[in-house]
Every structure is written in structure tokens, then in C-alpha cells.
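Engineer: The listed protein sequences derive, respectively, from chains A and B. Note that the numbering used here gives residue 290 to position 290 of the first sequence, counting from 1, and the numbers run on in steps of one. Note that the numbering used here gives residue 384 to position 384 of the second sequence, counting from 1, and the numbers run on in steps of one.
No lab work stands behind these hints: they were computed from the structure. Note that the structure is a prediction, hence the values are computed from the model and not measured.
Where chains are identical, the list cannot tell them apart; a pair therefore holds if satisfied intra-copy or between any two copies.
Heads up, simulated DSS-like pairs for lysine-lysine below, C-alpha to C-alpha not over 25 Å straight-line:
{"#": "1", "residue 1": "Lys342", "residue 2": "Lys297"}
{"#": "2", "residue 1": "Lys10", "residue 2": "Lys279"}
{"#": "3", "residue 1": "Lys332", "residue 2": "Lys62"}
{"#": "4", "residue 1": "Lys350", "residue 2": "Lys253"}
{"#": "5", "residue 1": "Lys62", "residue 2": "Lys350"}
{"#": "6", "residue 1": "Lys181", "residue 2": "Lys155"}
{"#": "7", "residue 1": "Lys342", "residue 2": "Lys382"}
{"#": "8", "residue 1": "Lys180", "residue 2": "Lys159"}
{"#": "9", "residue 1": "Lys355", "residue 2": "Lys382"}
{"#": "10", "residue 1": "Lys297", "residue 2": "Lys309"}
{"#": "11", "residue 1": "Lys342", "residue 2": "Lys62"}
Protein chains: 2
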Amino acid sequence: MILDDISLQKYGYIERGPLNAINIDPLQRGGILTDEARRALTQWGDGYSVCDFCPGVLDQIKTPPIYDFVHEALPEFLGIDEVRVTNGARESKFTVMHAMAREGDWIVLDQVAHYTSYVAAQRARLNIKTVQNSGNPDYKTEPQGYATAIEEVIKESGKPPALALLTYPDGNYGNLVDAKKVASICHQYDVPLLLNAAYSVGKMPINAKDLGADFVVGSGHKSMAASGPIGVLGAVEEYADIVFEKSPTHKVKEIELLGCTARGATIMTMIASFPTVVKRTHNWDNEVTDARWFSEKLEGMGLIQIGDKPHDHDLMFFEAPIFFDISQKVKKGRYFLYKELKERNIHGIKAGLTKFFKLSTYGVGRDDLNIVVDAFDEIIKKYE
Amino acid sequence: MILDDISLQKYGYIERGPLNAINIDPLQRGGILTDEARRALTQWGDGYSVCDFCPGVLDQIKTPPIYDFVHEALPEFLGIDEVRVTNGARESKFTVMHAMAREGDWIVLDQVAHYTSYVAAQRARLNIKTVQNSGNPDYKTEPQGYATAIEEVIKESGKPPALALLTYPDGNYGNLVDAKKVASICHQYDVPLLLNAAYSVGKMPINAKDLGADFVVGSGHKSMAASGPIGVLGAVEEYADIVFEKSPTHKVKEIELLGCTARGATIMTMIASFPTVVKRTHNWDNEVTDARWFSEKLEGMGLIQIGDKPHDHDLMFFEAPIFFDISQKVKKGRYFLYKELKERNIHGIKAGLTKFFKLSTYGVGRDDLNIVVDAFDEIIKKYE
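Excised from the complex, chain A in its bound form (with noise of 0.2 Å):
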């Protein structure tokens, strides 16, 4: 291909397409931007735009106030002593897993781990020892069996592995493992134990010391309000040095986050947010009633919810025979879900499902709940 004016015309600008729909896919719900965010991308848009001021290194800079965001805002947000903003949760959690392990160390993750926890891990060459969970229809992850695993890491290897990995809640069924215990179970075994929040901190409240978490893990793009990709890292005092340990030859510049990290409109967007952000988390018993509401209007219509239930989070996962029936008959088959919820301007269930899906009721609200639910039992009745 050559690189002229009519090959470079599918490139510039480009119109997102379900821009104005009502979007219920997991990854978008919490990543919607604030007004403020809005705003400060078209200041900020410019590729280095926060280092005009910058003294050496991103979380030092004073103006614009990165500086107190990093070491006051979200170590108090977070709960925990030390955070950094790193380019997202997957580079976070790689980063502590890097940092806390070397070459052939042990983790342990829980099975239903986001698959950027294992890839990870694989990328720090690490061995992973998983926790099971009960299985349909539950997926339900036992503390205990943070210990059961740790136990056959020390049997196989002959030492605890560096870190256990909690997510929290899942990314399949939204469920949420009672932590505590967790955190609890791996100190008895001196193992750190990393919680991956990414689908929590920014939505619910989330405080690392009160669920003994050694790291916290979050994500800007996906439950901060922010423009990605951005995410938090927080640390303990103990393990803080090691994982934001500086360079020899460049004393300012912490070697795990290559220096600086979210260097532009991202952290931002992010600072944009954080009032809305941190006063949304108050609301959180409200997003949990909603969950619960549009769970049993769609359990009424047929739809079998999976995982905890009643749910305690707005990501949920849905087994929908009926839909699945519908789709051996019709003309347009698996895609026909995805075409008459389009048709209602909804997005967010994939192409192609029909039969296992999940979604998020966050931040939807319930006049926008009631059109998808609407749209549910009417595609249900068309088809009958």
C-alpha cells in the first residue's frame, strides 16, 4: 500500500457509532466521562501537556496539582499509604507482580481472575497456582481456598508463593468474595495479597486497610470517569520501597512505572472527575438496589442471573434460554438479540450472544433501566 491521499482517507477523523446509545457493556459504563472531564480534555488533549511544569518526574508535578492527587487525594481515597498512577490495571498489577516475584516464583489467582491477571503473570514469567470456585451457577470463590492453594504452592515448591490476587469483584459474574478473610488467610502465610478493583474503586467504596489488602489495584478508563489508559496502584508502607523502588542511575525516576507513566490528558481527565468520582462512591447502596431491581425483572421475563445472588454489584452475568430459542428459529439467528436491541438504540451486549451475556446497570439509572427492560420483554413477546 502506498500511504496517499486516498489510502489515508479511511484515517482523521472518525464518528464513534453507538455514541448516544444507551450503553450497558461492563467496560464502558464506569468510563464514562464527568462534564469537568470533558472540559479538561480539550485543554489537555496535547501529547505532554502536563510537563510544561514538570520538575523530573509525573507525580512530583505541582502545577497542575498531580502532586496532591498522587500523595494525598487517593492514598486517602484508596485507603492505603502510597499511590501511583500507572497506564492502566493490567500494568499495575504487572508492575507489582514484577516488582514482588522473580523468574519461576509462584501466584496464586483466583479462577475467575481477569485474563490480563494471568497474562501478567505470564509476562513475569511467573507459575500460577489458581483458587476454584464452586462452579455453576454460583461461581462462588471460598476464602478457604486462598489457603488450600498457598498450602500445595509450599508443597510444590517448597516456599509460599510472593502474592496471592484477588479480583473484586469478578469481571464475568460481578461477584464479591468476602476480602477480609482473604486478606486474612494469606497473612497467616506471610503472602501479600493484591486486589484487583478495577470494576470498584471509583464505583463503590473501597478502602485497602479496612480489607487488609497489601495492594490495591484500579482503573481509570474503566470505573474512574477517566480517559484511558490510566490506572491506580496503591501500596503498603512495607512493600511500597520495593515496588517503587528508584533507579540507581536517574535518583528520581521509580523504575517499575520507566519513570512516568499517565503523561497527558488521562490523569487529567482523571483529576477532572475525582469530586464526582469519590461522591458517586456514596451512592453506592443505590446502584445495588438497581442491580437487584432490573436482575428480577429480567429473572420474571425468564432470564436466570448467575453468580451471587441477591447481587451486591451492578456487573452481571445472565444464562437466557429463552433468547438462545429464539435464535435457532429466527432468520437472522445469533444475531438477532444484537439487532433488535440496536434497533432500540441499546448497546452493549455483544454481537452474536444470545445464550450467556453479561452487562452493567451502572450509572443507567432507572427511566434508561426501563427502556432496556421494555425492550427485553418486548423482543421476548415479538418472538413468542
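Given chain A, work out where chain B should sit, using these hints.
Structural biologist: Here is chain B on its own, set in the frame of chain A:
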């Protein structure tokens, strides 16, 4: 601290001070957004916006046309077989180092390498051998220095380094080393060469194949008019399978990229600016002419341009004894230059610097460059 209305006041929407200044900071020039990229920000700002139609991994997304961009346009633009987007040039470099080397292996860096090359090597736990340069005032790196460094590594460790890196240009003096010769020397020892082109890809024509580089790294926010953090990483076919190895458990996910990287507005601003960026690289000769003109003007006032002369890049380093002398005499001391420039709406020379500083003329244009030249002239005359 408590996160209440008062303490949260300092966050939210914040204005960028020097937004409308003539900004000659080398970090900033190549990352100023195009109008198309600014519009893209408002469309794609939401967290995971590009993932509406994700088939499982970022570079495979067809809507928007990320697949075509990553697999057709960028390989053509960089002259290399396989390309991925990353979270920045430093992340690209770490990815290559981590994939190509193992703990304790050696890497060869030019002494003037960017600090992130050193820190990335430290993160990958490699030993570093540097290629010396000629020192003040040219800081010239001779390609033959790579042979010397490689042979030293062989002598010390019994095998060649896992990788060599050339900074093209370096971020201090803007020097361009004969990359072809460096590549040819490295290949004589079977050492792959990584070209760190963070200050060149997106500004000047860079073709990895023509230069003989095995890897090429660029920066979206530094030089491709993209909102950061975002970078590009190109690899020749021979090494692509190593660097972009897929997960054994999650078949479509690339381990070193942790699955997906620039998953949001960053990639969409890079795509939005891409047609303009391609075209502006064809204007490189005029940029070099502007840089040389500017350098001559400043040298005419008694400043000394350090590094290659005549210069071949917009990034230039100056020694300014005349400003240093003034700083010794005036009240505001070493901050006088920053303040004088600020009064003239010129930003980008770090506050406190007078004797040595770097700047960039990239895309400033003769009108604004004249304003900068006149400002220097006025300031010198004012304190005579």
C-alpha cells in the same frame, strides 16, 4: 485529610496555563494535536470507547479501523513488517528488552540514550554497556563505537549483547548518527538493533528497513500529534513472534502487551492526526532549514549551539554564557530568563535555566520563530 467539598475543590476542571503560548519545549512541539485529533477526543474520550466492537484484542478492531491502521498503514509508514501500538516509546523499549533478553543479559546503549532507555533496561534487569561519544561540544557518537561496546560485552560475558539501541536523534542535542552504519556493525555480531525514534517518527521520514533497524520505536504524544500516552513499536518478521508472543492460556492476547495497550482516545487521536502526520514528514527539509536559520540567529547573539552543526533536527541544545552572566547580576537571578520569556508569551525553557537549555523549532513557523528570536535579542539588549 478528609475528601470533602473543601479538599476536593482543588481537583475537577483545571485550566492549562501556557495553552496559548509559543511553546518551544522539545517535549511539546510534535505532540500538539491537529484539529481532527481534537474532534476525535470529544467523540472517543470515554474510558473504553474503542472497545464497542472489540473482537477480543485491540489491534483486531475493525470498527473503528484500528486493524487497518496497525496492520497496513503503520507498517508502511515505518517501513517494517509488524507494528503494534503501545503505551509510549518507553513501554515499547521495555517490551523489546524484556522479550529479547533475560535477567543478567547485556544491552548496548548510546551514552546519550534517553533516561527511559536506561530505566527500561534496569526494569528488565539487564547489564548496560554504553557507547561513548566525543563529548563537548559535538557529542558525536561514532558508529564504530558500537563494535567496541559489543566486543567489550563479548569479552566480559562470553556472548554478544541481546540487543543494541540507537537513539535517533538523542533527546539532548538532537544529533542524528549514521544509523545504517550502526545497523551494519550490529548485524556483523548478530546483534539486533532497536532504533529509538521517539523524536523522529511523525516528524521526519523514518524507514526502518532502509536504515537496517530490527525494531523501531516511536512516540505518539511526542511526535505524532496524539494525546498521550501512546507509542508505536515495529519489528522485523524475524523477531516479531518473540516480541508479540501470544498467551498460552488466552490465545489472542499478546503477553508483552498485556493483551491490549492504547485502549481509548489515545489511539483515536493518533488515527485522526495520521493523514496530517504522514504529510508533514514530507515537509522535513523545511523544518531543518528553519532550525538552522534559528540556530544562526542565536549564534549571532553570542549563544553557542552544541551538537551536530549544521544541525539536522529541530531539537537543539544551546550554551548561553551571555544569559548566565546576566543571571549573576540581576535580582531575579537564574529565573530572569523564564520570566522575561513568559512576559512575551513564550514557554518551554525550564524555569531557572540560563547557561544551558534545549528547545525545539518544530512546526513553530517563521513568524513565531521571529518572535522568539526578537525576544532573545530584546532581553540581551535590556540587560546590556
